[in-house]
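Input sequences plus hints: build the corresponding full structure.
Protein chains: 2
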Amino acid sequence: MVYEERTAIPVSEAIKRVMQFTKKGEKEYIHIDEAEGRYLAEDIIADHNIPPFDRSPLDGFAIRSEDTFSASSTNPVKLKVIETVGAGSVATKKVQPGEVIRVMTGTKLPDDCDAIAQFELTTESEEDGQAFITLKRPFSSGDFVSFEGEETKKGDLLLSAGTKIHAGVVAVLATFGYKDVPVVKKPVIGIYATGTELLELDEPLAPGKIRNSNAYMIQSQVRQAGAECVYFGQLVDDFNQSYVAIREAIEKVDVLITTGGVSVGDFDYLPEIYKKLGATVLFNKIAMRPGSVTTVAEKDGKLLYGLSGNPSACYVGFELYTRPWIKSYLYSNKPHLDWTKGKLGKDFPKPNPFTRFIRGRVSFEDGMITASPVGMDKSQVVTSLAKSDVLIALPGGSRGYEAGDVVDILFLQREGRGQPLEEIKKTRKDSE
Amino acid sequence: MVYEERTAIPVSEAIKRVMQFTKKGEKEYIHIDEAEGRYLAEDIIADHNIPPFDRSPLDGFAIRSEDTFSASSTNPVKLKVIETVGAGSVATKKVQPGEVIRVMTGTKLPDDCDAIAQFELTTESEEDGQAFITLKRPFSSGDFVSFEGEETKKGDLLLSAGTKIHAGVVAVLATFGYKDVPVVKKPVIGIYATGTELLELDEPLAPGKIRNSNAYMIQSQVRQAGAECVYFGQLVDDFNQSYVAIREAIEKVDVLITTGGVSVGDFDYLPEIYKKLGATVLFNKIAMRPGSVTTVAEKDGKLLYGLSGNPSACYVGFELYTRPWIKSYLYSNKPHLDWTKGKLGKDFPKPNPFTRFIRGRVSFEDGMITASPVGMDKSQVVTSLAKSDVLIALPGGSRGYEAGDVVDILFLQREGRGQPLEEIKKTRKDSE
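Chains as they are written, first to last, in this note's numbering: chain Y, 1439 to 1870; chain H, 1439 to 1870.
Errors might be hidden in some of the hints.
Straight line, CA to CA, 25 Å or less: simulated DSS-like cross-link-like pairs of lysine-lysine [claimed, not checked]:
| hint | chain 1 | residue 1 | chain 2 | residue 2 |
| --- | --- | --- | --- | --- |
| 1 | Y | Lys1591 | H | Lys1788 |
| 2 | Y | Lys1591 | H | Lys1825 |
| 3 | Y | Lys1779 | H | Lys1825 |
| 4 | H | Lys1784 | Y | Lys1591 |
| 5 | H | Lys1617 | Y | Lys1825 |
| 6 | H | Lys1825 | Y | Lys1592 |
| 7 | H | Lys1591 | Y | Lys1816 |
| 8 | Y | Lys1772 | H | Lys1737 |
| 9 | Y | Lys1825 | H | Lys1779 |
| 10 | H | Lys1779 | Y | Lys1779 |
| 11 | H | Lys1623 | Y | Lys1825 |
| 12 | Y | Lys1462 | H | Lys1825 |
| 13 | H | Lys1825 | Y | Lys1623 |
| 14 | Y | Lys1781 | H | Lys1779 |
| 15 | H | Lys1825 | Y | Lys1772 |
| 16 | Y | Lys1462 | Y | Lys1740 |
| 17 | H | Lys1592 | Y | Lys1825 |
| 18 | H | Lys1825 | Y | Lys1617 |
| 19 | H | Lys1623 | H | Lys1690 |
| 20 | Y | Lys1779 | H | Lys1784 |
| 21 | H | Lys1602 | Y | Lys1825 |
| 22 | H | Lys1825 | Y | Lys1602 |
| 23 | Y | Lys1781 | H | Lys1690 |
| 24 | Y | Lys1825 | H | Lys1462 |
| 25 | Y | Lys1816 | H | Lys1592 |
| 26 | Y | Lys1825 | H | Lys1825 |
| 27 | Y | Lys1781 | H | Lys1781 |
| 28 | Y | Lys1788 | H | Lys1591 |
| 29 | Y | Lys1779 | H | Lys1781 |
Just so you have them, the derived chain H footprint on chain Y, three or more residues with Cβ under 8 Å [as the list claims (entries may be wrong)]:
| hint | segment |
| --- | --- |
| 30 | 1513 to 1527 |
| 31 | 1579 to 1589 |
Sample of chain H residues facing chain Y (criterion: CB under 8 Å; computed from the structure) [what the hints assert, rightly or not]:
| hint | residue |
| --- | --- |
| 32 | Ile1470 |
| 33 | Pro1495 |
| 34 | Thr1522 |
| 35 | Ala1525 |
| 36 | Met1542 |
| 37 | Phe1557 |
| 38 | Ala1609 |
| 39 | Gly1646 |
| 40 | Gln1657 |
Simulated from the structure, these hints should not be mistaken for lab results. Ideal Cβ positions, reconstructed from N, Cα and C, are used throughout, including at glycine.
Below, the structure written as structure tokens:
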């Protein structure tokens, strides 16, 4: 077998090629108790005002403000309490001048009342079984009233399609009666692992063998990204059987991921399988570390991701190229990893000609963002992934980096951005 | 009923009183496919080296470095390929001087070889069916070899108890054969809503009534914090029935949350119920907005949270006082909301004598953290919660705040801190 020269493309170009094949998922309804982490399939529009009526935001008394205009500490006003109305009930009596209604937080403001005097500003008394209050200050019309529609008006856009559902979103959905929530159906991501060196988790270690961590890691990444995954198991070390397995798997999924088998080794069958399938290879080398062998092919509009068999490379390849496809399917308009500039927390002296995505940990101190590499940073390393919450993007070049250098930081566990970091950087560069 | 004066305590003091009643959950085992979002119940220690053997990190040839010491472009060395070994297999032949073995990424380094020459540095040829390679540079012993234990040594602490499981953690667990993962059993949090104004989600709106958003929001917050929730429904508007319901619910849960009913309104039964239960009220007023009525009582070591019926107050009360209890139960040593200093993105002119937790959105630009208030900021407001990912903590005082002011920012969706912001601030102040 002759060593094959591949042409490496920039990260931004690889992302662009992948994102040409985005699709939008269908809508389905699920119960609000199961909605967290899902993505809204529709804009949510207010079908009523919030509050839905003028109400008291406090425990106190609904008053006619004009009764208090002359009130002061030297000239207190005494008013008659004619009814008590709890939240959820409505006043049954008509309020005449000099009269008030005792109300609770959330009670609908009684007709003919126009202000609220909370308990703290009120002195209560009783005469012959009749309750009174005394006020020592004037109130203006509207004082301490929550007005209908002051928070949200009927017709307002509350939430956009593509919003990820969390507790705050649930609160709004419940307020507007969404017992069943319109969400985007999850895309189904199939996974095949390759590599005869891979042991199942409960097999004992053996010479030359390692445990199959990628398949479990990728399944977890798929679920974290909001998709459903189907793990098909390990491909056997036989070209034809592998070809048939992949051809059949494609029919059952929206996207197929394989781990391993995309490099230039003798048993790296994926390139030949893509060829035999008639799939178009979008790229098979990216100018990045780790994950330079990340390959993506397209067959009848479906993407086949050939991720590296090296854990860190596999992880990074998924986050940069598969995650945005999934998020876009889920209507997110921020499909890419969120990123920012920040300071490098530790020296990273090793130079490299390629863009590197270093596993790191972010810290926030006094308004500044700092990210520090964690552990060992080779593509086959797995332990550093457990401690990382960011990737530190270091452009290629002939020198290393020092603590304090300004670097780009990609967040692994935040919702995302509309454009990938690499695209922005490219645009900046193009316009320079 | 006479208006009751309550004594407000500082946020830091309220957190301290709650955290005196933390407990640690028991251990259970779950399948690795269901482990995301759970918390490790044990330290995970490496039971073997990673890599488990010296191996090739590349596709290439395992060589004896001494064979190449004299190699140069003018004096190339030609070596005989005696075997091809894929990853997962081990060499069967013994390598003699002048011989090499073709190896793939991940292949165990054959005995008697001590370096790897990758394909890119190799010229291949064939003579009479025998493969050879030519090298034009010398290799040192160890070149391009991944050594046993270079990433992790047997006995190393890989992951600490209390670590939240995400994809990177899954990768490590899989590597070390954890098909079943030791995680902390989730605490069971019971929820009762109070308020006769509350409609179920599928009921039509009616005068004076609103939909019950708190119960769904709190359930979602409970799940997000990593606990299991049991929603018992709404308490009826009757003291004795409510008392019995709560007394019975306590027996079934680790913590009981009620929403509403803790203020000074006529139908706010919770204070009386705590009394009748013989529960100790830890506090019933906090110097904060929203959520000043947040009440916590303790009965036989179990906490009863009386959260406000106002959505924003309820939300904030949970995040500041219930979440850390849950995280601590899950062995997290960072139970409190993560926080940092940052810039206020917009004016917030209204002054207030109390510490406020303003719903906001964070942005990262060029290494600086900025948070801006979103929407309306009253305690009864619900819509702003959907757009918030931080709380902006503004100390009480006689003036408002301007864009650019340095403020404290609490992250709603990050893993957390060991000490609450308020505790740190208090300590700083004490030492000043």
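Hint check:
no.: 1; hint: Y:Lys1591 with H:Lys1788; verdict: holds, 23 Å
no.: 2; hint: Y:Lys1591 with H:Lys1825; verdict: holds, 17 Å
no.: 3; hint: Y:Lys1779 with H:Lys1825; verdict: holds, 24 Å
no.: 4; hint: H:Lys1784 with Y:Lys1591; verdict: holds, 23 Å
no.: 5; hint: H:Lys1617 with Y:Lys1825; verdict: holds, 20 Å
no.: 6; hint: H:Lys1825 with Y:Lys1592; verdict: holds, 18 Å
no.: 7; hint: H:Lys1591 with Y:Lys1816; verdict: holds, 16 Å
no.: 8; hint: Y:Lys1772 with H:Lys1737; verdict: violated, 46 Å
no.: 9; hint: Y:Lys1825 with H:Lys1779; verdict: holds, 24 Å
no.: 10; hint: H:Lys1779 with Y:Lys1779; verdict: holds, 17 Å
no.: 11; hint: H:Lys1623 with Y:Lys1825; verdict: holds, 23 Å
no.: 12; hint: Y:Lys1462 with H:Lys1825; verdict: holds, 23 Å
no.: 13; hint: H:Lys1825 with Y:Lys1623; verdict: holds, 23 Å
no.: 14; hint: Y:Lys1781 with H:Lys1779; verdict: holds, 16 Å
no.: 15; hint: H:Lys1825 with Y:Lys1772; verdict: holds, 15 Å
no.: 16; hint: Y:Lys1462 with Y:Lys1740; verdict: holds, 13 Å
no.: 17; hint: H:Lys1592 with Y:Lys1825; verdict: holds, 18 Å
no.: 18; hint: H:Lys1825 with Y:Lys1617; verdict: holds, 20 Å
no.: 19; hint: H:Lys1623 with H:Lys1690; verdict: holds, 15 Å
no.: 20; hint: Y:Lys1779 with H:Lys1784; verdict: holds, 22 Å
no.: 21; hint: H:Lys1602 with Y:Lys1825; verdict: holds, 10 Å
no.: 22; hint: H:Lys1825 with Y:Lys1602; verdict: holds, 10 Å
no.: 23; hint: Y:Lys1781 with H:Lys1690; verdict: violated, 49 Å
no.: 24; hint: Y:Lys1825 with H:Lys1462; verdict: holds, 23 Å
no.: 25; hint: Y:Lys1816 with H:Lys1592; verdict: holds, 19 Å
no.: 26; hint: Y:Lys1825 with H:Lys1825; verdict: violated, 29 Å
no.: 27; hint: Y:Lys1781 with H:Lys1781; verdict: holds, 18 Å
no.: 28; hint: Y:Lys1788 with H:Lys1591; verdict: holds, 23 Å
no.: 29; hint: Y:Lys1779 with H:Lys1781; verdict: holds, 16 Å
no.: 30; hint: 1513 to 1527; verdict: holds (count 5)
no.: 31; hint: 1579 to 1589; verdict: holds (count 3)
no.: 32; hint: Ile1470; verdict: holds, 6 Å
no.: 33; hint: Pro1495; verdict: holds, 6 Å
no.: 34; hint: Thr1522; verdict: holds, 6 Å
no.: 35; hint: Ala1525; verdict: holds, 4 Å
no.: 36; hint: Met1542; verdict: holds, 4 Å
no.: 37; hint: Phe1557; verdict: holds, 4 Å
no.: 38; hint: Ala1609; verdict: holds, 4 Å
no.: 39; hint: Gly1646; verdict: holds, 4 Å
no.: 40; hint: Gln1657; verdict: holds, 7 Å
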